[in-house]
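With the hints as extra help, turn the sequences into a complete structure.
Chains as they are written, first to last, in numbering that gives the first Met the number 0: chain A, 0 to 70; chain B, 0 to 248.
None of these hints come from the bench; they were simulated from the model. Warning: the hint list may mix true and false statements.
Keeping only pairs whose Cα atoms sit at most 20 Å apart, straight-line, the calculated DMTMM-like set for lysine to aspartate or glutamate is [what the hints assert, rightly or not]:
id, chain 1, residue 1, chain 2, residue 2
1, B, K102, B, E187
2, B, K134, B, E45
3, B, K91, A, E24
4, B, K100, A, D21
5, B, K100, B, E111
6, B, K100, A, E24
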Amino acid sequence: MKVITRVVKAFGMFWWNFLVGDTPELFVSVVALLALTALFRAGHARVLMVALPLVILAVLAASVFRAIRRR
Amino acid sequence: MILGSITTSSSVLVLAVFLATAVEMVEALTIVVAVGHTRGWRSAFEGVGLALLALTALVGGFGPALLRIPINNLRLIVGSVLLIFGLQWLRKAILRSSGFKAKHDEDAIFAETVAALSQAGKPQRDSLAFVTAFKGVFLEGLEVVITVLTLGSSAHQLALASWVAVATTLLVTIVGVLVARQLSSVPENAMKMTVGVLLVSYGTFWCGEGLGIRWLGADAALVVLAGTYFVGTWMLILIAKNRPIGGAQ
Chain A
0 MKVITRVVKA
10 FGMFWWNFLV
20 GDTPELFVSV
30 VALLALTALF
40 RAGHARVLMV
50 ALPLVILAVL
60 AASVFRAIRR
70 R
Chain B
0 MILGSITTSS
10 SVLVLAVFLA
20 TAVEMVEALT
30 IVVAVGHTRG
40 WRSAFEGVGL
50 ALLALTALVG
60 GFGPALLRIP
70 INNLRLIVGS
80 VLLIFGLQWL
90 RKAILRSSGF
100 KAKHDEDAIF
110 AETVAALSQA
120 GKPQRDSLAF
130 VTAFKGVFLE
140 GLEVVITVLT
150 LGSSAHQLAL
160 ASWVAVATTL
170 LVTIVGVLVA
180 RQLSSVPENA
190 MKMTVGVLLV
200 SYGTFWCGEG
210 LGIRWLGADA
220 ALVVLAGTYF
230 VGTWMLILIA
240 KNRPIGGAQ
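And the structure:
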């Protein structure tokens, strides 16, 4: 039982470090962005095709400059 | 048209898996060479062998299971993971290129590993060398496995992605053996940036597909996305380079 708990904990920690780690802003932004896209996709596919990559670049820029400010 | 789409999609997939595998395997090889030089090659090779077996089992176990998930759900999940993972790579690459983060230094990793291993005694069966080599290959290889599983399963080209990863690992090993300790001359940051751009492009594309967006030009949209992200990344590096350290302006 202890082994299973340890394996599950290690598995959870791996994914936490892998997806969140020291950049929680990227994780939260991507999840929020996809939720918004799911909400507004109907009838806006063309706009989303252009907006999605631009918003993702903006998220990347915000994360980069957050890191720079913290140095 | 169909042939063109398959070629575009497959080419981007092959390039992404090749570069991601090459970058991670260079890092793993640096550790293995340091272990081998310091503690002897037998235990180092045993560690490498077990790590490769474990990684192969992961691909063999999870790969077919992933292929059973409905394609739109799979693409949304995989796309999200690739987006986050790719953005993390790109962020690091931008910070390194603009001087806000130290570049990955294989010589320093080699020296650190050698120093740590040299301090310990050297028994007949060297568990320290075994564990260090195993961890180095397994942890670096895990990122390759995730890239292969996510890219390969979503594109329904798991076999192609796996073979590219295996071939790249062999290539890096052969080149690594030939150049031994000149691994630091590999343009790692540029490769990481390219992988980051490709992962984010795939992530955007598959998240869109998973949410029901049909991209203009089908798979060819991947090339447009990659171009957009390359330009965006390049602009961010230029802007970051002109900012003073501490970010005060």
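Comparing the hints with the structure gives:
1. B:K102 <-> B:E187: Given pair K102 of chain B, E187 of chain B holds - Cα atoms ~9 Å apart, limit 20 Å.
2. B:K134 <-> B:E45: Holds, because 12 Å separates the two Cα atoms, which is no more than 20 Å.
3. B:K91 <-> A:E24: 14 Å, holds
4. B:K100 <-> A:D21: At roughly 14 Å apart (the allowed maximum being 20 Å), D21 of chain A and K100 of chain B satisfy the hint.
5. B:K100 <-> B:E111: Answer holds: K100 of chain B to E111 of chain B is near 19 Å, not above 20 Å.
6. B:K100 <-> A:E24: 19 Å, holds
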